[in-house]
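**Student:** Each chain, written out:
2 protein chains.
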Amino acid sequence: MADPPLNIGGGSLLIAWQLQDKNVLIVGGGEVASHRIDSVLTADAHITLVAPVKGLHARTKGLIDMYPSRITYYDRRFSGPDEIHKMDMVLTALDDAKYSRDICEMCRKARVPVNAADIPELCDFYFGAQIRDGPLQIMISTNGNGPRMAALMKKKIQTALSGKEGEAIGRVGVLRAQLKKRAPPLPPSGHAPDGGVLGRRRMKWMSEVCNNWELEDLTQLDDATITKLLDEGWEKNVVPTLDQLKGRRKRRQPVSQFSQWLPAVGSFALGAVCATLVLWARKR
Amino acid sequence: MADPPLNIGGGSLLIAWQLQDKNVLIVGGGEVASHRIDSVLTADAHITLVAPVKGLHARTKGLIDMYPSRITYYDRRFSGPDEIHKMDMVLTALDDAKYSRDICEMCRKARVPVNAADIPELCDFYFGAQIRDGPLQIMISTNGNGPRMAALMKKKIQTALSGKEGEAIGRVGVLRAQLKKRAPPLPPSGHAPDGGVLGRRRMKWMSEVCNNWELEDLTQLDDATITKLLDEGWEKNVVPTLDQLKGRRKRRQPVSQFSQWLPAVGSFALGAVCATLVLWARKR
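Protein chains in written order, with the UniProt record's numbering: chain A, 1 to 284; chain B, 1 to 284.
It is worth saying that the hints were derived from the structure and are not from the lab.
Note that the coordinates shown come from a computational prediction; the quantities given were computed from them, not determined experimentally.
Treat the hints loosely; a few may be bogus.
For identical chains, the list gives no copy identity; a pair is met inside one copy or between any two copies.
Said to hold, decoys possible - DSSO-like, lysine-lysine: derived pairs with alpha carbons at most 27 Å apart:
| no. | residue 1 | residue 2 |
| --- | --- | --- |
| 1 | Lys98 | Lys154 |
| 2 | Lys228 | Lys180 |
| 3 | Lys228 | Lys181 |
| 4 | Lys98 | Lys204 |
Between the sequences and the hints, there should be enough to build the whole structure, so can you do that?
**Tutor:** This is the structure:
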């Protein structure tokens, strides 16, 4: 029997690949290669860059000069399969499609993940438009339907973010790590002794903090406030607000609540003044 | 000499992994496994699921029943390294951390990418919060700082999107494919004969269409309109609007332009009436 129509297919598996202290080979030194370097440095990998110096883009050159201990540069063409075996990932950014194709075939044989810029059918994975704000990373993929639309989506999403998200996420990460010390997750050797009750309570409490606190308040979770939140919140199984923790009264409504009525109030006053003047002028 | 401080590090490499017709092994059948199945089906892979039937979550069971030709299910525990060699990716979703750790070690030896749910230090890659709208896919990663914040960011981004983005991107993809037939990209054998002039003109024209057209207009790019846009736009090296293409006059400004002044105008009138009434009452 055939499966029901799968309207969930046709996409990619979006993942956050871990490259800390891994080795990445980039073949090619043009502008595209320079953006690959950005992405790979973000993920803390070591880069081996292979490209004749005459084809180096100024941006690539600048990055090589700026990060000598992170990028090992060789002024030559790719030399063959021996270069691939010690690599955890290979990226080609070349004008010559046949050259890229040969490298991709070697990578596939050696089971090394590979991306060939501009030749989607050779790629194990694609890049997308990226947003970075500290620990927050967002990728936008149009699944090969054009980089321009991905850039537009990126702009739209950036407009929707306040710029405080990365900071808030970082502080929540610290809170979470501190909480895990008080309520440890699964031991490495096996099952939780309490059948996971503590873990579930921890996740529920963390969710409530994230849901109930404003983003702005989360950014104010310094180390002292975190200790206080754990002592007076987690230990008593409640979620106090930042104001309660700091012993402040509830803050008054922000000014914008009033200011949104300002045009209407102003117009009312203006209308009253105009009518008075008109009537007064007629009376004279 | 040490490199300058790298404030771009500390992140992941966000990528769109390609799994069409690839083989993915999922070990475990709980709720987390069921969400892994969703992600992998999105990317059109074939799934081998290994988990004793007594531990199957209802959601996992439902998916196995719904997609029998996409998911091969074995009612047993993972049997050993032989299961890994034919796989392109392995995902574990187990309560038993030691069991997960053993599987991850086998995968690393066989150079098969692996993710172990809840044990970040064993993972080649992480999952994140995901948004899907046709060809548009968005991933939000907090780099291990908590799924709750990722879910909040997801909600924020979803609110910023109109729901028309996927459709617009799909239609732009069709336009792009049609344009590529008229202005082919690099031949597979090597360099572009014109030094890339045509390719650059194509990219520039596509960018202008995406930038100048409203999202709503892009969704109306049916096949006939695409042909017309290529004939009257690309061939003449201009970017007509949808209205120009359809021979319509420029649409009038949307009503909202006026309606945003409505409260102020109403208040002005109300103020005038009130003042008149007060003066009139005093006169009597």
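**Student:** All hints are to be evaluated individually against the structure, with a verdict given for each.
**Tutor:** Going down the list of hints, with the structure as the test:
1. Lys98 x Lys154: neither (32 Å within a copy, 40 Å between copies)
2. Lys228 x Lys180: within (15 Å within a copy, 61 Å between copies)
3. Lys228 x Lys181: Only inside one copy: lysine 228 and lysine 181 sit 15 Å apart there, 64 Å across copies, limit 27 Å.
4. Lys98 x Lys204: Between. Shortest inter-copy distance 26 Å satisfies the 27 Å Cα cut-off; intra-copy 54 Å does not.
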